[in-house]
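S.K.: Sequence:
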Amino acid sequence: MTKTDPFIFYPDLRLNDSASARPVDADLLDTGRRLLAAAEEARAYGLAAVHIGIVAPVAVVSLGDPSTRDYRVLYNPRILSTEGPQEAGPEGSVSMPGIEVDVLRAHSAVIAFDEETGQGRELALSGFAARVAQHEIDQVNGVFFLAKISRLKRVAAIRRFAKLGRR
13 MTKTDPFIFY PDLRLNDSAS ARPVDADLLD TGRRLLAAAE EARAYGLAAV
63 HIGIVAPVAV VSLGDPSTRD YRVLYNPRIL STEGPQEAGP EGSVSMPGIE
113 VDVLRAHSAV IAFDEETGQG RELALSGFAA RVAQHEIDQV NGVFFLAKIS
163 RLKRVAAIRR FAKLGRR
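So this note's numbering is basically just the index in the sequence shown, starting at one, shifted up by 12.
Bear in mind the hints are in silico, worked out from the structure with no lab data behind them.
Every residue gets a Cβ at the ideal spot worked out from N, C-alpha and C, and that includes glycine.
Take the hints with a grain of salt, since some may be wrong.
Computed spacing ranges between beta-carbons, pair by pair [unchecked claim]:
{"#": "1", "residue 1": "Pro102", "residue 2": "Asn153", "range": "32 to 42 Å"}
{"#": "2", "residue 1": "Asp114", "residue 2": "Gly76", "range": "33 to 43 Å"}
{"#": "3", "residue 1": "Gly177", "residue 2": "Val122", "range": "16 to 26 Å"}
{"#": "4", "residue 1": "Val167", "residue 2": "Glu128", "range": "17 to 27 Å"}
{"#": "5", "residue 1": "Phe21", "residue 2": "Ala136", "range": "25 to 35 Å"}
{"#": "6", "residue 1": "Ala168", "residue 2": "Leu41", "range": "20 to 30 Å"}
{"#": "7", "residue 1": "Gly76", "residue 2": "Gln98", "range": "16 to 26 Å"}
{"#": "8", "residue 1": "Gly76", "residue 2": "Gly96", "range": "27 to 37 Å"}
{"#": "9", "residue 1": "Gly177", "residue 2": "Pro97", "range": "30 to 40 Å"}
{"#": "10", "residue 1": "Val122", "residue 2": "Pro78", "range": "37 to 47 Å"}
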């Protein structure tokens with residue numbers, strides 16, 4: 013079995029870095045393979061390349077039934093539009109294990125991304141898949157999920173994380 017890349021942990025500054033879109037090449041494909049392996053091993057719902065320490069425009073998201081982890085590798089992912097009511101739902105990160113907070117997200121999102129061939133695609137997502145995609149695309153753009161909650165809730169989450177001894 014191949015060893016997967018280790019995850020980086022909050023407050024690693026790379027979590028705030030935005031990855032610039034670029035053509036799908038051998039380096040991005042390699043990052044996608046490594047990210048997919050890490051997602052499968054961790055049974056994550058989604059991951060952005062920065063979670064394995066690589067600031068690159070690559071995310072892996074589970075699009076189907078959450079129990080099956082139907083992964084799709086997205087190169088140069090972006091949110092084209094969101095729709096529907098903002099709904100609160102629990103979110104966490106492999107970069108902050110043990111912490112989960114409610115984050116408001118749109119119920120539906122249309123995303124665009126490149127496939128491994130470089131071909132552009134669009135997908136309309138709703139519910140949990142839309143939440144996962146929005147979360148990971150935010151992370152590709154340097155927006156850690158804690159930035160989506162109030163300062164008070166963010167400070168409380170960071171304190172809880174510090175008490176877990178991970179920081």
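S.K.: Of all the hints numbered above, which does this structure not satisfy? Sort the numbers upward.
M.R.: Violated: hints 1, 2, 3, 4, 6, 8, 10.
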